[in-house]
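Undergrad: Chain by chain, the residues run as shown.
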Amino acid sequence: MRATSPISNSIVPRESIAANALTLVIGIMTFLLCLTFGAVSLVSDTASSWKNDIAREVTIQIRPADGFDMENALKTAQQIASGMKGIKSVSIINEAATARLLEPWLGAGLSLDELPIPRLLSVKLKQGERVDFDELRRQLISAVPGASLDDHQAWSDRLNTMAGATVFIGLSIMALVMSATILTVIFATRGAMSSNQHIVEVLHFVGARDNYVAEQFQRHFLALGLKGGAIGGVMAIFTFIIIGIWTGQNIATPEGDQVTALFGTFSVGLIGYAGTAVIVVLISFLTAMTSRRTVLRHISTLDNK
Amino acid sequence: MIKFENVGLRYGMGSEILRDLTFHIAPGSFQFLTGPSGAGKSSLLRLLFLSLSPTRGLINVFGKDAASLKRADLQDIRQDIGIVFQDFRLLDHLTTFENVALPLRVQGREEASYKRDVIDLLDWVGLSDRLHVLPPVLSGGEKQRAAIARALINQPKLLLADEPTGNLDPTLARRLLRLFAELNRSGTSVVIATHDLGLMDQFQARRLVINEGLLQIYD
Ligand SMILES: Nc1ncnc2c1ncn2[C@@H]1O[C@H](COP(=O)(O)OP(=O)(O)O)[C@@H](O)[C@H]1O
Ligand SMILES: [Mg+2]
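Each protein sequence line maps, in turn, to chains F and A.
In terms of my numbering, the first sequence is residues 1035 to 1339.
In terms of my numbering, the second sequence is residues 4 to 222.
The following block holds chain A by itself, in its conformation from the complex (with noise of 0.2 Å):
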């Protein structure tokens, strides 16, 4: 689904944080990608949302090669793409629903078409009560879920989280992990990053480790 090669990564004239890295997101796979803080997990996530490109190497999203891709072009693969940001990016001046509905509204689409869809995911992510509510008042964990359900809302091929249980107690992070396991099973991809040893021990799945620059993989 999105292959890796021989890419590597650096901002500025600096030195490359991510180095050769060569891998392959397979449709329906789980991975975490983790590593110590600053050791690229984020980059690597907004190289897999084709929001920055690689310094080398090639990129290859849902079979073309993403250097090749248009503008227009990207914002159609986003709408198979799904992200969660480390720092949830909710719109304060929408309501739960209306964030969650965001990704459709902007494809122009009517809100009968989407309420139903909208409401439904809401009340699978355990937010059915939070619907009119504003995300300042949301509490770390209810935001935490309407950005997993906007990612979501689209029903995309890819999920990315980054750092999704970083402000959570441990019993909300187990509940959010089987989220992205049930999400998993109905076929979507997932990689999650997280330098949370503890989340990973919970759940067996493929581990993309960084480390200096460099990618290990232990499937």
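Chain F on its own, in the form it takes in the complex (with noise of 0.2 Å):
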């Protein structure tokens, strides 16, 4: 007698359209929910650095009066925000440049020394550190008449409004996305699932364990899960890498430099990357523990008790 083939079939069919379509709704949600998510990270992080670099220069102003010693008192108010903690550099922005800054106003070949203009320090902070500028402005306000200091606060706070509005979004779309998949996922689950249900109903008619059953699904369902998730994820990883090389590319033109100052160079980092791996993993155990849930409720209508 011939003996049997070494390698048994699995309980639970390999191949089948409704697991092959299923894969492919489990594919395409993945992509979908990691490009959304690696756009709205991309989106987030370039709206946290517009806040950086506005917020790593402030100014100083000093407006002239009768008789007053203007050197002296840009000098002093150098020395007095350099000692500052969290600043970088103090530098006073001289005479030509002040002229030049106003030649489009005023004309050229104008002397400062005859007009009233008020001049700037420029301030550069240092990178991740606080610095109290009130106790500066107070400082600055009782060594040199006229002077002022412009953090930038109003402006600062509105685009800080406007990133926090833009993450805010952002998420929203993301919170949309990521419920259309879930609710794709169980009801693409479920339908491939009804195809097996007779698979089910002989288990357990030939005496198999409720959790025996649900594991022989929950297993071929993760999969599943497993190859559409990681179909997706690496589609949507291509598609990261290849945006990154074109705007990469584009850079010089100016429709590249337009898009490269929006949002920096178009690189989904790290951050992409694992949100990408959880997504997947997440998909997939989302598709077993449906497939597990489908069987358990299944077989608990089989018996009539």
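These are computed hints drawn from the structure, not numbers from a lab.
All values derive from a computational prediction rather than experimental measurement.
Don't be surprised by glycine CBs; every beta carbon is placed ideally from N, CA and C.
Treat the hints with caution; some may be incorrect.
Said to hold, decoys possible - Computed list of chain A residues with no C-beta within reach of chain F, every gap over 12 Å:
| # | residue |
| --- | --- |
| 1 | 75 |
| 2 | 144 |
| 3 | 171 |
| 4 | 190 |
| 5 | 191 |
Unchecked claim - Within a straight-line C-alpha distance of at most 25 Å, the following computed SDA-like cross-link-like pairs (lysine to any residue) qualify:
| # | chain 1 | residue 1 | chain 2 | residue 2 |
| --- | --- | --- | --- | --- |
| 6 | F | 1109 | F | 1172 |
| 7 | A | 118 | F | 1246 |
| 8 | A | 160 | A | 72 |
| 9 | A | 73 | F | 1334 |
| 10 | A | 6 | F | 1246 |
Stated by the list, open to error - Stretches of chain F that chain A covers, calculated by requiring three or more beta carbons in the stretch to come under 8 Å of a beta carbon on chain A:
| # | region |
| --- | --- |
| 11 | 1221-1235 |
| 12 | 1241-1249 |
| 13 | 1329-1338 |
Combine both chains into one complex, guided by the hints.
TA: What follows is the structure, given as structure tokens:
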């Protein structure tokens, strides 16, 4: 008598149209969710970098008055500001530069000495350190009459709000796409399960424990989820890389510069890749759990007890 | 072995299709369950298989009250009751061998431990040359015998068969009946539901007849 084939068929059929369709659906939804995640994390990174850039520089303005020693006042202000914690450098914008700034309005060849033109100091801040602007302002005003500090508070507040709104919109879109993914995966899994109901019944009636039956399907659907998820995730990563290369090449062109100015270079970074991996795992897990629940629910209807 | 006491069954809000059933399936017994189509034969088999609960009355299985059994106990008892469904319910993606081995496989047993038994059983039902064939390729009679082998692989104390000769020609039906008789001689209780009077005439056995919801027993 012939020996039985060494590789036995799995209790849940490996290949079926329903399973292939489910894999495809999972792949597409994973792809979309990963893209959304990548885009949202990019936009929120960019939004926070706007804030950083604007906050890294402040200006001190000194208005002249009669009998006022401007050079001396500039030096004093420079000393005070340089002494503050968190400040990298303070540079006086010299007369020539100030004149250049004003040229479009006042014409060339004017002498600043003759006009009560305010002078500016550019203050560069160290990254990541807090500067006590109130203290700086207090010291400046008491030492140099006519000095004022512009820390771009209003502008940076507005930008803050805008960045916050951008991130919020991004997260909302993310939440919507995520909900759509979860629902789609659940219903697609249930759909794929319905073609397996007779298997659940037979296993039950030949005496299999509920948990055994559930595990067979759970394992199979976990594999389907991982396969579909991996396809979608890899496609998403490819897309990130291709867009990254494209924006990198276009950096010198005006269009490229615009994109770069707005979004930085399009690099999704570690968070994007890690997020993709997490999404793939979560979706596979969701698929497996849905199949398990569907099996157990179906079994519970079999014995009319 | 299985005792029914004043068992009644109705589906939903309909009228009772089985009324006041009181009988006993003894160890090692052989009985036909008969009655016109729609009388409730399949329903009674489902009651015996515990996949249906009676709307009233008591069912006692292997000394336990069926109503008090938990789901896990139920699956244990199913190892002692083999059932042959009217529509066979073989899994089309598994070979004959795998279908028949299924009740052992779901207990987590290794194939090596039961391979011999499955092959011997398939030999006994005359399917030794169909081991690696998928059910869609089998004839009606072959499917029937595969389904019977699956019901027997656990060496159950009780075998339930629903219209096992339904689609078979008389010669095959007679061969099948001999198979059941042989099985019964080795100690297994057998309940065969059938409306085929010709079949019953070929074998002297107890008859449980359902008519208009009531059961008459001819020993
Ligand atoms: N699941 C069910 N739900 C409702 N009615 C059912 C169900 N199964 C069977 N019946 C009804 O119960 C009666 C007996 O059916 P059944 O047990 O299949 O009879 P038999 O096997 O003797 O032909 C029939 O009238 C049938 O319509
Ligand atoms: Mg029937």
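Undergrad: Examine each Cβ of chain F, and state whether all of them lie more than 12 Å from the Cβ of residue 171 of chain A.
TA: Check passes; 22 Å lies beyond 12 Å.
Undergrad: Does residue 1246 of chain F lie within 25 Å of residue 6 of chain A when you go C-alpha to C-alpha?
TA: Since the Cα atoms of residue 6 of chain A and residue 1246 of chain F sit roughly 30 Å apart, the hinted pair is violated (cutoff 25 Å).
Undergrad: Non-interface claim for residue 190 of chain A: all C-beta distances to chain F beyond 12 Å?
TA: At roughly 20 Å from the nearest Cβ of chain F, residue 190 of chain A sits farther out than 12 Å, so the non-interface label holds.
Undergrad: Three residues minimum, CB to CB under 8 Å: does the region 1241-1249 of chain F make the cut for coverage by chain A? Let me know.
TA: With 6 residues closer than 8 Å to chain A, the region 1241-1249 of chain F meets the three-residue bar; holds.
Undergrad: Would you check whether the claim that residue 75 of chain A is not at the interface survives, using Cβ distances to chain F and the 12 Å cut-off?
TA: 7 Å, violated
Undergrad: With a cut-off of 25 Å on the C-alpha distance, tell me whether residue 118 of chain A and residue 1246 of chain F pass.
TA: 21 Å, holds
Undergrad: Straight-line Cα separation of residue 73 of chain A and residue 1334 of chain F no greater than 25 Å?
TA: 12 Å, holds
Undergrad: Are at least 3 residues of the region 1221-1235 of chain F within less than 8 Å of chain A when you compare beta carbons?
TA: Since 3 is at least three, the answer is holds.
Undergrad: Compute the least Cβ-Cβ separation between residue 191 of chain A and chain F, then decide whether it is above 12 Å.
TA: It holds; residue 191 of chain A is separated from chain F by about 16 Å at its closest Cβ, greater than 12 Å.
Undergrad: Given the hint that residue 1109 of chain F pairs with residue 1172 of chain F, test it: the Cα-Cα distance must not exceed 25 Å.
TA: 17 Å, holds
Undergrad: Take a quick look at whether residue 160 of chain A and residue 72 of chain A sit within 25 Å of each other, Cα to Cα.
TA: 18 Å, holds
Undergrad: Can you take a look at whether the region 1329-1338 of chain F is actually covered by chain A? Rule is 3+ residues, C-beta closer than 8 Å.
TA: The restraint on the region 1329-1338 of chain F holds, since 3 of its residues have a Cβ under 8 Å from chain A and three suffice.
Hints 1, 10 from the list above are not met by this structure, while the remaining hints are.
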